[in-house]
Each structure stands twice: as C-alpha cells, then as structure tokens.
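As you go down the protein sequences, you meet chains A and B in turn.
Just so we're aligned, residue 1 is where the first sequence starts under our numbering, counting upward by one.
Just so we're aligned, residue 1001 is where the second sequence starts under our numbering, counting upward by one.
Be aware that one or more of the hints could be misleading.
[Claimed, not checked] Incomplete in silico selection of chain A near chain B, CB under 8 Å:
(1) Pro17
(2) Pro20
(3) Glu27
(4) Ile29
(5) Cys38
(6) Ile54
(7) Thr73
(8) Ile74
(9) Gly98
(10) Tyr99
(11) Cys100
(12) Ile130
(13) Thr135
(14) Tyr136
(15) Asn137
(16) Ile141
Simulated from the structure, these hints should not be mistaken for laboratory data.
What you are looking at is a predicted structure, and each value in this text was computed from that prediction instead of being measured.
We put the beta carbon where it would ideally sit given N, CA and C, even for glycine.
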Amino acid sequence: MAKLNVNGRVVDVNVEPDTPLLWVIREQIGLTGTKYGCGVAQCGACSIYIDGEITRSCAMPVSSIKESQKIVTIEGANDRVVQAVQKAWLEHDVPQCGYCQSGQVLAAAALIRAKKNPTDEDIDREMTNICRCGTYNRIRIAIKQAASAVQAG
Amino acid sequence: MNAIDVSRRKFLVGAGAAAGGLTLGMSIPFDEAVAQTGATPEVNAWVVIRPDDTVVVRIARQEMGQGTITGLAQLVAEELEADWAKVTYEYPTPGQSVARKRVWGDYATSGSRGVRNSEKYMREGGAAARMMLMQAAADQWKVPVAELTVARGVITHKASNRTTTYGKVSDAAGKLVPPANPALKDPKNWTIAGKPLKRLAQDGKVNGKQIYAMDYVAPNMLNAAIKDCPIWGGKLKSFDASAAEKMPGVKKVLRIDGNAVVVVADTFWRAKTALDAVKIEYDAGESAKLNSKSIEAMLDEGLTAKEAFVGNQGGDVQKAIAGAAKVVEATYRFPYQNHAPMEPMNATALWTPERCDVWTSTQNGEAALATTSQAAGLPLDKCDVHRLDLGGGFGRRATSQDYVRQAVLIAKEMPGTPVKLIWTREEDQLRGCYHPITKCKMTGALDKDGNLVGLHMRLSGQSILATIRPEGLQNGRDPAAFQGLNNGGTEGAIGYTIPNILVDHAMRNTAIRPGFWRGVNNNQNAVYLECFMDELAHAAGVDPLEFRRRMMKDHPKHLAVLNAVAERGGWSKPAPKGVFRGLAQHMGYGSYVAAMAEVSINESGTLKIHRIVAATNCGHAVNPAQIERQIEGSFAYGLGAALMQEITFDGGKAVETNFDTYPMVRMADMPAVESIIAPTNDFWGGVGEPTIFVAAPAVLNAIFAATGKRVRNLPIADQDLRKA
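Looking at chain A on its own, in the form it has when it is part of the complex:
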C-alpha cells in the first residue's frame, strides 16, 4: 500500500514496494502517456517530474517515493514551459512514431527551466532520451524556439 501525489491528486495504490513507479503510473493509476522502453533507465521514455526534477520512473521503486513528493506526468504537465515546448513540437512537426515524445517533451521543458537559452552543448548534454525514429534535429530546433517563446513571455 502506498499513497502517491500524482498530477495534484493523492491516490492509494496497492502494490509490492519494489514495483517500479512507471508500472504503478501505467497499471494502477491508468496514465499511459508515460512509456515503457527499456526498464533500466537508459531510454527516457518513462520520464516524469518528481518535485519538478526530471526523473526516469522505470527503475525507481514506488517505496522510494513519499506522499509529500509531487509526481507530474505528461498528462498533468501543463505549465507555460511545457505548453511552449508542446507548441514548438507541433510547429516543427517533431514527432514521427511519437512513442518517446512524452519523455522528450518533459526533458526539454526541464532543460529550458534550468537554462533559459540552452546552447547546442546544453542540448547535447541534457537531452539524452533515445528516439529510434531520429527526430533529434527537429527537437533541437524546437527547444530553441520554445526557449525563446518562454523568454518573450
């Protein structure tokens, strides 16, 4: 039994303590925008925010999360930075298959929150999620646009 604060709502979940947070989010809470890709925190398809920090949820046991910690998934992420990223993603027609893009969007918004004007080096260093379709160059352009849009208010 665990209590989790997900997208501003406190939910009780009945799972074994070592269950990865990813599967709790997907199977118990029913939010499927957070994806399973590798299970070993390599690909980033499972990225979420915990207290605003971008976190890979597939290798994080639910027992390590306290009720006081705020979990935000792609479904609940709607601040102006995330919105700017989503808008830029659509304007640049970034997604191909789209499976990794929930994670990419959240990672990009986290980067823009940390660095107002991310450089190419910042993007190379911080955007480590895997995209098999190879949308990286569009992601790079869209991040820069989203960052400018956030700056412009």
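Guided by the hints, dock chain B onto chain A, whose structure is given.
Showing chain B alone in chain A's frame:
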C-alpha cells in the same frame, strides 16, 4: 522488381500462416454490412464524408512514424478536391478487407512501399469519389454534371448560382455506381499532394494521449509476460513454477508453442516478477557451439568457396583480374543488428470458442490476421485485428507476427478474458529478427589508366528469405541478397558500368532468425561497393567523385543525386580545417540516393560527424517536409548501426540484451543533415528506407580521408581511429 515484392504480393502472409496454407482473399463471402462501418455510409471504400464535411480517408497501410498516412491522405484529397483542413483518416481492419474481397489491397507496410505501391488505386479512389459526389449534386439539381465545378469540397453550379458541400451529397453519392478508370490529375497540377504539409494526428504524441498497442486496455484484462527460448535452435527442457505460482496476482503459468514460458497475472509487473522467479532450463543442442567466432569462420570459408549463387554477371571477371595493371582486394564485414523499436512487441487477444480479436501494432494487418486465425484455430471471418499506432516498426513488425501468435495462444488458455502480452526489452533483444551478418570479399581490376575494368564481389552470409520467406527463393538463390547490385531493373540497379563484373553469394545460414531491417541488404551492399569504390579511386590516384563519374554515363539518375550532394557539399572546394569528406551513392526501393559526410577525428581517435548532405530522387515527392524528416531519421538509424551496434552470440544466444550494451544514437551523436529532394516526376520510388543505404559508407569514406585507415569491420566504435 525484386523477389521480396513478388513473394510478399503473393500474400502468403508470414511464415506461420504460410505453413498453415492460409491465403486470404479466397472463399470469403462478401459482407455487405461491413461496407457500412461507422455511423456514416461511405462514398466508396476509400472515402467517407460525414455530414459536417469531415473527410475520412481509409488507409490500409500502417503509420509507424514514417508519415505514410499523411502522404496517402494527401493523394486521395488531391483527387477528391477536398478541403485539407477537414481531412482525417481511419484504419479499416484486415477482417473488413477480407470480407470485401480485399478492397483495400495490400496491408504490408515494408520495403518503402506505403505510398509507391498504393498511390494508383488510392488516387483513383479519390477521383472516383469526387465524380460520384458531383454526379449526386447534378442529379439533385437536375443539371448536367459537366456544368458543375468543385473546389475544397464545395460543389458549384454557376449558371444557377447554387452551391452545396460534399457532406450534403455524400449519402446520395454512395448509392451511385462507381465510375471505372477515373482519370487522374497530372502531378504538375497538384495543390495538396506534393506540398510540405504537416502530419495528421500529431497532437496526441505531445500530450501523452495517443494510444499505442502497449497502452490498450480492455475491461477485465489480464497481463502476460513471456520468456521464449533465448537460444536459437535450442529447446525448453523444463521449468519449475512452484515459487511463481504463489506470487501475488498470478493467475496461471503456461508453456506455449513448446518453447515459451508465460505468466499471466493481474498486472504486467506482477507477471514479469513472477516469470523471473520461474526456474527454466534449456537444451542448447547443436547451438551450444553457435557463437560469433564460429559464425565468422563459416563466413570466411564462404568468401573463397567454389559454389555461389550468381546475382550479376557480365564479361569475364577472372580474365580482367588476370590482365589488370593493378589488382585491389579488401574484405568487409557487417554484423547482426536488432531493430529495437521504442515500443517493445506486444498484443492483446480475446479468444472465445466462437471468435478471436487482437489489438496490436503491426506493419502488416493481414499477416497479423492470418497469424491470429491459425493460432486461434478459427476461420478468418471469425477473427479480426484492430490496428493501433506503432511505437516504431523498422521491419520488425513486418518480418514476424510472433508476438501476435503468442498472445492468441495465451488467450486461448483463458477463454473470454482479454490478455495483453508485453515483451520486455530483453525479450525483444533475445527474440529479434536480426539484420543478418555478411562478409564480402572485393576484388577490383584497374587498367593502366586507372579505370575499373573488372569487379568481383563475393558475398558470404545469411539469407533472410531462406529463413523467413523460403517461397521467395529462386532455385535456392536469394535474389534479395543482391539488393542494389542488380544489372538494371527499376527496384535496385547498380549505378556503374563495369565491363567485367561478377557479384555472387555464398549463402551461409545459421539457426539465428534474420529479418527485414530498415534498408535490408542494401545497407551492407552499399558499404561494400561504395567503400571499395573509394579504395579503388585512391589506388588509381583519381578523385573519388571523378572515379565514379567515369562509370556513370549510362546511369544518369544515379549520377544526378551524386552530383547534387557533391555540389551542395562543396566537394570541389577545400573542407574546413580538420574536417574530411566522404561520398556514397546507391539505388534501392526504386529511389536514387547519395550522401556526402563531413567528419573530424581528434588525436585520441574520437569521431565527430559534423554534417551530412543527402539527396534523394524518389520520383514523385508527395510531401517534401516529411521526406526531409525520413532522410534525417534514416541517418540516425543508419549511423547508429554503423557507429555502435552489433548483436553478438554466445551459445546460440544474443549477448546484448538492453540499451546499456546495445547503444543507440542520441542527440549528441546526431550530425546536421541537409536534405536535397530532387524528384524527376517520372516514377514512384520509396522514401522510408533509401537514404539509410548511404549513411555508413559516406562516413566510412570520410574516416579514411581523415585517418588514412580503412574501417572494414563494423561497428566503427570497435575500431581504433587514431591516425595511421
């Protein structure tokens, strides 16, 4: 036309289905009811127009990130004279298609055929629907149809100053007899097709709402985890599920298809956890000795073996080599690789004694349906496959519907309960349909002027067709092994005139399952030919572009794309300091492609790929914006393979089981890609794959330019790139 197309067109869908003798499209009664899917009657099979003027285009081919649905919808909307802002799409199920005598044609989405092999009948579908809609308006107004005009879904009769919309006449139009052989627009007059439009259905991919097969949930659904025998050619000997059976949420532990152990539980995570607690023993048999070293030795033997299947032969290559002023030899190797789409294999099945339904992500709905029918033990018309969006395909979900078969076999053990089978990433790596391993011995004969007068290309390695589609073999020969090396043809012709040539293939198969991997055999064939062309040019003391051009006079389309990248890339001008260049060209899936790569390598041997200039002539460019994205994506996929990916085997089992040991290209590895789309508008070529062919050879040739070292053994990451 190569044999892959022929054998796939025959529609003996998938190895499993073929074994059962299932051929769809035969003896299926026409079911009028299926013609009326959804609330709105159709105009014809391809077009439904709702009362609010929304245009629904029905699409049999599968979207998997390559943009096919958008391109096909553009072609239909073009002929339909639709308002693009009102266009959406739906997937007819393969069961509906079978019931209507395969009205939607081939569902297979592989071989870069999504657009090029369905454009004609889909454009005709759009044109026929337009004519029917206009006729319906003419009938209603009692005027000759010739007096009507149409634009963006609005029909006008100027003489009486009347207008109506498609949505208002679609009911009546659907009752008319469809016109035969409707005339199609000249692509010069396209206003929707040919334009760089944004993709359909993008919103759900940025807000988490898009439902992939992995996300599908049915009421009362259970979840399953599976471990199939990871040893190719091995067998499941025994398993002990006593601990697993007592674990929370577990409903059943099963053995299916002889070799696979399955746990069914309330959640996937519980199923997976319990499966990990099952003690499984395998019998490797002969495969105990199957490893990368033994495979290498077998391929080496093939490089000089007497017997080989001939793919392309002209003149007398042995005589040319014997009489050459200079002979150049080199042996290359291209490893096994896995597709590793982001969404691991999965399928949800619901079986009852009367009926079986599957919800899955597949590149071939009909193959999935045939697989379902066979596994379910039910006739085709009692089964259906509901297609959900794919988290990537790249050929994996076209090569085998093994995950569908497994899901149905599991569901059959739980009648009336939907069961979702999810593979772990590890299962996906262990049970891949791998890009096959090959080696190639190249021998080139140069005359005293540095011209290539003879070329022997001896391929040695595994055949995909021999394992996956043996019906595609021609007297034992795998024609697909020669992709891009054929003497002419519209599918994949070699771009050089070489007076004496022999391309032959010593087929050396293993128990390891090969598959169609984005680009398929073109990928290694382009490395072998184009890197060796670079070697020959250097041996001849001729500029690599000039060396190629001498042999390309009779191959103007190959030459045009090569010239285009050389010109845009600045081949004839000096590169920036410390930057070195390489070139490659190839033809496959009907399209002509070329690339120039710019790389630098620092003192410690670290490679940086700065820039790729890539060109494609895909005949007609239906959506240039999406073609650009396919070009970029193909370099990410192809460079990942060239730079860092190899599946090795030990005891018949894949060694690299997740992204920590089977790395992927990430943002920092990705070069800038400049795309040149140069359609000549006189044929229909593929888009999803072709540019991948030239990714590796262009970079490898640039690495030589930078270091003086030839990398002939992939992946590049295993090689020492410090200057020679």
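What are the numbers of the hints the structure violates, in ascending order?
1, 4, 6, 16
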